[in-house]
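4 protein chains.
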Amino acid sequence: MIGIGIIGCGYWGPNLVRNFSSVSGAKVIMISDLKFERLSALASLYPSVKTTTNYYEMLKDPSINAVAIATPVSTHFEIAMESIKAGKHVFIEKPMTLNSEQGERLIEAANKANLVLLVDHTFIYTGAVRKIKELVDNKELGKIYYYDSMRVNLGLFQHDVNVVWDLAVHDISIMDYVLGYRPVAVSATGMSHVHGSPENVAYMTLFFDSALIAHINVSWLSPVKLRQTLIAGSKKMVVYDDLEPSEKIKVYDAGITLNNNPDSVHQMLIGYRSGDMWAPQYSRTEALRTEAVHFINCIEGKESPLTDGAMGLRMVKVLEGTIASMREKGHLVPLNL
Amino acid sequence: MIGIGIIGCGYWGPNLVRNFSSVSGAKVIMISDLKFERLSALASLYPSVKTTTNYYEMLKDPSINAVAIATPVSTHFEIAMESIKAGKHVFIEKPMTLNSEQGERLIEAANKANLVLLVDHTFIYTGAVRKIKELVDNKELGKIYYYDSMRVNLGLFQHDVNVVWDLAVHDISIMDYVLGYRPVAVSATGMSHVHGSPENVAYMTLFFDSALIAHINVSWLSPVKLRQTLIAGSKKMVVYDDLEPSEKIKVYDAGITLNNNPDSVHQMLIGYRSGDMWAPQYSRTEALRTEAVHFINCIEGKESPLTDGAMGLRMVKVLEGTIASMREKGHLVPLNL
Amino acid sequence: MIGIGIIGCGYWGPNLVRNFSSVSGAKVIMISDLKFERLSALASLYPSVKTTTNYYEMLKDPSINAVAIATPVSTHFEIAMESIKAGKHVFIEKPMTLNSEQGERLIEAANKANLVLLVDHTFIYTGAVRKIKELVDNKELGKIYYYDSMRVNLGLFQHDVNVVWDLAVHDISIMDYVLGYRPVAVSATGMSHVHGSPENVAYMTLFFDSALIAHINVSWLSPVKLRQTLIAGSKKMVVYDDLEPSEKIKVYDAGITLNNNPDSVHQMLIGYRSGDMWAPQYSRTEALRTEAVHFINCIEGKESPLTDGAMGLRMVKVLEGTIASMREKGHLVPLNL
Amino acid sequence: MIGIGIIGCGYWGPNLVRNFSSVSGAKVIMISDLKFERLSALASLYPSVKTTTNYYEMLKDPSINAVAIATPVSTHFEIAMESIKAGKHVFIEKPMTLNSEQGERLIEAANKANLVLLVDHTFIYTGAVRKIKELVDNKELGKIYYYDSMRVNLGLFQHDVNVVWDLAVHDISIMDYVLGYRPVAVSATGMSHVHGSPENVAYMTLFFDSALIAHINVSWLSPVKLRQTLIAGSKKMVVYDDLEPSEKIKVYDAGITLNNNPDSVHQMLIGYRSGDMWAPQYSRTEALRTEAVHFINCIEGKESPLTDGAMGLRMVKVLEGTIASMREKGHLVPLNL
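Chains as they are written, first to last, in the working numbering: chain A, 7 to 343; chain B, 7 to 343; chain C, 7 to 343; chain D, 7 to 343.
Derived by calculation from the structure, the hints in this document are not laboratory data.
Fair warning: there could be bad hints in the mix.
A pair holds if it fits inside one copy or across any two, identical chains being indistinguishable in the list.
The calculated DSS-like cross-link candidates involving lysine-lysine, where the alpha carbons are at most 27 Å apart (straight line), are [said to hold, decoys possible]:
(1) K231 with K241
(2) K145 with K231
(3) K91 with K41
(4) K66 with K33
(5) K256 with K241
(6) K231 with K33
(7) K91 with K118
(8) K149 with K231
(9) K139 with K149
(10) K149 with K335
(11) K256 with K145
(12) K335 with K33
(13) K149 with K66
(14) K137 with K241
(15) K335 with K145
(16) K56 with K41
(17) K256 with K231
(18) K66 with K241
(19) K66 with K118
(20) K66 with K56
Let's have the full structure, built from the sequences with the hints guiding it.
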């Protein structure tokens, strides 16, 4: 039985408590938060769980083997580092850390201590994203040319993180997982509409070592909520709409076939195919549950972390590059991933 | 009665013939095209119209007062200049010319000859775009913060123009008309997936002298056709979807209210409002018909061209800046409009 | 403080427990179910609530003032009657009883005992249905001509009730509440696709004392889930789609204006108007919470039951008439409501 | 070369002229209409076509081999009968005749004269309906249980025909073609909202010699236009939405599997399957063009009429039965097809 402590019980923490409570082989021992009322609300639902406003109590408890950290990102590094020092496995919210240097130090510490470090990029554990990954891996889409994602809504303006940290991080991680290619440079633009606050609209173009181009559009200023990803391959194309209740993935038997006939200099020989559309089924299991089970399996040595520290660090590096480019209004920034 | 000649009878020309044929006060006298079969097909529908494969015949005909030019963009400048020299008013397809220098010379020539020069930015003449313009002009949206447009489909790859010239030109012209503000700089990215051919995917961010940000996403590589524009103002927000059969415009009573309270450094005081949605009616008249009537009225001195040479030139300058930025992978390019 | 007991903890019971637990002025004292595992699952979430497999324990408990009954419909009458005899106020799932005779006896018993009897027609307590009611009451739609509802999905075939009892009961109650008119006759058809089991597809036409016509289409055999109601009045028309996440109600400024010009015998003078569409906001409060608060207010004498026994009885009578007509393949059955 | 005459140039006639003009092997010789302005408008588009206000001129013209009749239904019988007497093949709008007796006489006359009689049930010639027919014929859907169609809009109230003749005729013919089964009885309801005029809302339930049930919902009183057909089979289910621009047909890998286990009297053993959705491609050729080619092929003896007189007569009989039932508010009316 793996004893779990949950640090941070704001928006996401209760989901962690609920999911880890239902995983066999795990038991939520203690939860911590600076706000007492959050703890008491959860305690009434989970009467056997201990509560504390000081997470060091959790780190001292030998029955706790692992912690899940769902605090503001500015505190991630310190809490995770202390947890590793205390010998706890770490499940940490995305983005992993405020900057890549912190990320590298966490990875090193976890490695030395032989502890699991798993970053909670939840979308990677959804049935829909895994189905797309399967289509790409099975070469059903052919060579990938184009990845275009729009994730906009009328959002709560946050004063500590910009819209890239809040929303684009999902697209970057899905793309990292699904495509398997690593971008080599980013050009980004954005805008803050509140003086002195972080950007609430942002656009990123990611370049690769091939003709693949990726673009991410995120905003807290849209009247409507959109979650729409287009992926075009040489053989098939995918539309992934996370807001569709039942058919999130549509695979179009459409594509372009290039025929570089040397004799036809003045004529582009591109054949278009357009055929059936197919909406495959996928697992409907709650992603966080799949991820909680995976984390326990990693601790027990049965699996390796899918969204490990290295992956979490790549995401932070892309975010850093994006912000650097955005501050220079689209200036190309190389990425060393 | 204004005599009209139509030069170029490919994709768009037949629409010009049909619309100018139905406008009272105008009469289509002659049509020209290099392909004889196009002329004979139209001649069977419009038996009284003369045909020619040499448009100089049209320029020599004194019963023709105006020409409508729907030939490839590379020929626009020469044909329009010859027409002006021959004393004909000019209705010309967008984009007006291959570059801004050509555009300036055309404007100058038309001015000197006191002839009407109207650029066919058709969307400006749709009921939907005019309704949005009305909403903006009446301050119903408040201060405009955000203009985001996506115009993608599985498109015919063209070997002479890129996707910006083909698709983004519509968004740039709609934005120019609706917002009335002129962008000061552009950062653009894009990609060609066929060696040696022009870009088939492009992304543009336009900056203004205010907090307004505009973004245009165009592609020939999307499995689905999307025509989706989001406009966010301080008071209301608009979604304009040109593919909706009956409700193309939706006005959301949603917005953000900024309250820069100096006492609350750590807290963003932004109030959200969210209320009714409203889909206003708009004119369903075919845009090209409205535009043809307008052109005749301009020739008769009753109206001034809405999409005049100066407007057409601004569009060409934005396209030039976009391509310059795109070739430098997002490098910011100033626009002098 | 009103003490509450919940009888039946299957599909709907846990929602009752959750909502009554959060209403100030009420306290869930005890829950009962024949299945022990359901009780223990709820007990872990609500540790202070007592459990029993024998609801008579609840009826004997003087701290319990009211019971909420969420058991199969075949048991409604007996449990509700016993509860009334024990002096408890009754909140009962729809349909109220198996037949109208049982319904009449329950109403009589509750009246004599001066106890509240409220039937859980939950949709009446949704913000969307209340907004439509408001539009009708304010004469915004004009005279109502047409009420057409479709409620279909791939449903769990039930062996004890047919699709009319399961699904149409919602439409009948919404219509009763919104229109305020009572149907005078019903013609219904339907089909069972499993030998010996109740109908899984049904169609009902309801006639009124006016030109109003209503139709309800319910099915467990549809590949897609639809919840779609059309209401046409002389002045405006409404589309109510309960599956729309944010804009469930759309009001169309469309209608027909009849002009019975005596001179034009051979020509129908009907003017069509078609104008703006408007999606009004409505309360998003969970309907069951609104209803639970209302029930407590009724017990405290502050309000009168909106969905009282008389209303519940009307619904049962319409269901009885529908089934009688359906068994005779559409034969018209009068309704005495 | 088959010479064609078109009788009636109102709403549909011009489509007949356009399509028959483009079919190789056919030539439109003459058109007739009582209104001179309709003839002159068409004459300007088709200068070589002769015009007349007296269709007898057409019947006397030996160069005309066949007529297409697009006049009001009340005139169908007389015009078609005269045409057959004059030795012309007949292409006639749906519904074929005002009543079944007229239909039988037309069929007999055409048979005796050895002339082609084709009823224009256009939907049968669409790519989408043919694809559904293919799915049914290939047993991909399994045994058909359920056919549910909704065809509503804000319609022009017609003073000579009711909504069943105008709209339901499409659904009846599609169902006849796709399913291949013939209904044995109908129960129908409807309403007129204009005193003295025909029904503008109607509902039909069709019964068969099996557990199949079909329902058709037609209305001119809906604020929105819907064209939505659900077909449920034992193996797969289809949604056919004629308003979808590109994916009109969706095939759901969902169904019910009945398991009448004799040991489980109290338990319904129904297994649900729910899987992928698939939107097959279909021909986009204009249906009327396909039909015009088919008519010419029938005249030349190469094909047999798909929508022949017998089929047209079945449709009239269903309409007759529907109206008889509707006048008796749902009373079951047997059909002898």
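Can you list which hints this structure breaks, lowest number first? 6, 12, 13, 15, 18
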